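2 protein chains.
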Amino acid sequence: MTIEIDYRFPPGIDAAKQAKIIAIGQTAGTWDARFAHREKSLRSHLAEVVKLETDNQGYSIATIRFPEINVENDIPSLLTAIFGKYSMAGAGKVISVRLPQNYGTRPKFGISGVREQLSVESRPLVMAIFKPALGLSAEDHGEIFAQVARAGLDIIKDDEILGDLEVAPTRQRLAACRRVIEEVKDKTGRTVLYAVNVTGKADRLIEKARLLVKEGANALLLNVLTYGFSVLEALATDPEINVPIFAHPAFAGAMCAAGDTGLSYSVVLGTLMAYAGADAVLYPAHYGSLPFDPGEEAKIRDELRSRNVFPVPSAGIHPGIVPQALTDYGTDVILNAGTGIMDHPDSPASGVKAFFAAWERVKNKQSFELESLPEGALKQAIAKWGKK
Amino acid sequence: MTIEIDYRFPPGIDAAKQAKIIAIGQTAGTWDARFAHREKSLRSHLAEVVKLETDNQGYSIATIRFPEINVENDIPSLLTAIFGKYSMAGAGKVISVRLPQNYGTRPKFGISGVREQLSVESRPLVMAIFKPALGLSAEDHGEIFAQVARAGLDIIKDDEILGDLEVAPTRQRLAACRRVIEEVKDKTGRTVLYAVNVTGKADRLIEKARLLVKEGANALLLNVLTYGFSVLEALATDPEINVPIFAHPAFAGAMCAAGDTGLSYSVVLGTLMAYAGADAVLYPAHYGSLPFDPGEEAKIRDELRSRNVFPVPSAGIHPGIVPQALTDYGTDVILNAGTGIMDHPDSPASGVKAFFAAWERVKNKQSFELESLPEGALKQAIAKWGKK
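Residue numbers (numbering that gives the first Met the number 0), protein chains in the order written: chain A, 0 to 387; chain B, 0 to 387.
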């Protein structure tokens, strides 16, 4: 298989001309008689326009096939090759990237591996986020974690903006949360994951990740798009990083939100994350307040699952969303709630319980109408946030 | 000094509301009585809307001040903090980033350091790019380099899409080019820089950069935006990497080309590069075929120079551009030509000579009219590419 990229051009752009510019300008370029002795080699690096279609709105999609020998089996060299200089050439958006199955990096854990870690075979997983995002101490984190972990939570993650800050240094947060992980393990046999946010300059970030794992971290969180795909790939292939990596979509809008430039969300948060070694990928769900397209969301889900990567729809997730989310996702999904757990009217622990109660009701095909719900955590959640 | 960010919103967006969402949602968030004991700490992490102006076209600019304690003195944590989740919230573009002078990473060399390496005090520097971009052998690179280096070139760089590929592995390219560097040094005493493209997964990229430097590399090239700012920062602060780092803008359009989302080119290629430790930064000049705004180009130049970083306007640079480029830039500039040197009608060596002849004529305030030019490399170049 080869590398195939779909570029979309808006009306008014000469798509045939642009496609040729990409196929030549993003590869070997042109050459003259001086390089006749390299003709065969030069030709072997040229890309090829294999399809060009224009719809009735005037949008054109050009499919360009790039030789695999142009890239290094990773995402950064791919992005440089397919959209490096050309990204600055005007209107034109990368809407699909099709890679050979053996391209890139496979997750070490993925859906099956995370399920194995948690000993949870088939139900959806429930994930929380520490809130407030900045300003709590490491001990505060430990206390919050204890409440939700004891209530049955599967996974918690740092807020993505919480780095290695003086108010709650990363290793201290881990130490506080590790005590909770051990307590729950001792008392119930259950594993709870805490995805620690790893930050810093690339070399120190990687060292810190190794250190955190040595000190008992059982999952990591990485802002892939602000730190770089090359950092994710380094962590994902590092033998010492034997824990799942949760990829956060922070900054994705900077490269995906525009209609006619950049790349589609499904390419960046679906395809590229899945080929860069992420075990689970967070991305905006269309249930919430972010203006997210359900079609792109579905593509992300499918791209991730095709590589055994856990989809983690986020934003706007609360217990009342569970029936709709399970209709859209089935059970191979991590339901990731920030305020939807932490701001439960009773307590964060009740927030967790409300999710599990919602799951039970979905399994039993029971109604989510407020009056049909028994008193308790789920009813309080539905009264506050409604249902979908 | 604090961190101040200008966000621009198009007409129809409630900018006051969005500014508040950013100031709260991108920092501590909201909290309730449970966190009363942390009130002071939580408040200290909140950002503040310090200015909001709407122009007569309906565009609003909100200035938001972020506490320095929210970030880690680097670019990735800054981007996550100011535009992580919010980048996905709809229309809104980061158009200016103002950082404390002591923020981030300073270049090890910059304008003064590169001039010192080359023993060139004040004239503009001339830089070439290997062409064709893909398909030549390491020996071909050495031969091309020999021609332009002997003709007086200051710097050459790999094409950004040329990674560590089988056709011309990075260490072999370096070996072939190092012989040329040594030959020129021996014969003329001049230093010629070769910016070798460093690629790979972050950990291996950093190791490879160290190895290349050990093996005689005297400059590096990095595709900062596809590999990650954290990688640039790692290289720029690594004591073993005692050579200048040239930052390439590949992929910048993905995050900068849209009118109402992403970040301005001057933020990404000017401010962020300058605070991430680049010694010289390439970016599109408005002279060429890329649709680049002269105002943004001027801002990039000024942002870079304010941190002693060499501006490297690229694309569309040929000898006929030199008078205009020097009017726009003065002499603290690296004139970077790909085809403008390699496709000179006579030879790449004549391409280099044409640039130096152009510089002499600018110094002597002589005309660039074709008929006024003496026979030779410059006249051939002007006959082919014209003048500006």
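Check before you lean on any hint, since a few could be wrong.
Covered, in the sense of this in silico footprint (three residues per stretch, anywhere, with C-beta under 8 Å from a C-beta of chain A), are these stretches of chain B [unchecked claim]:
no.	segment
1	20-29
2	130-140
3	259-269
4	364-373
So, partial list: chain A residues that the calculated Cβ filter (under 7 Å) puts toward chain B [stated by the list, open to error]:
no.	residue
5	Arg37
6	Leu78
7	Gly89
8	Gly162
9	Asn307
Hints in this document: simulated from the structure, not taken from any laboratory. Treat the numbers as computed from the prediction; the structure is a model and nothing was measured. Using N, Cα and C, we set each Cβ at its ideal position, and we do this for glycine too.
Tested hints:
1. 20-29: holds (count 5)
2. 130-140: holds (count 8)
3. 259-269: With 4 residues in contact (Cβ-Cβ under 8 Å with chain A), the coverage given for the segment 259-269 of chain B holds.
4. 364-373: violated (count 0)
5. Arg37: Holds - the Cβ of Arg37(A) comes within 7 Å of chain B, reaching about 6 Å at its closest.
6. Leu78: 4 Å, holds
7. Gly89: 5 Å, holds
8. Gly162: Holds, about 5 Å.
9. Asn307: 20 Å, violated
When the structure is compared with the earlier hints, violations turn up for hints 4, 9 and for no others.
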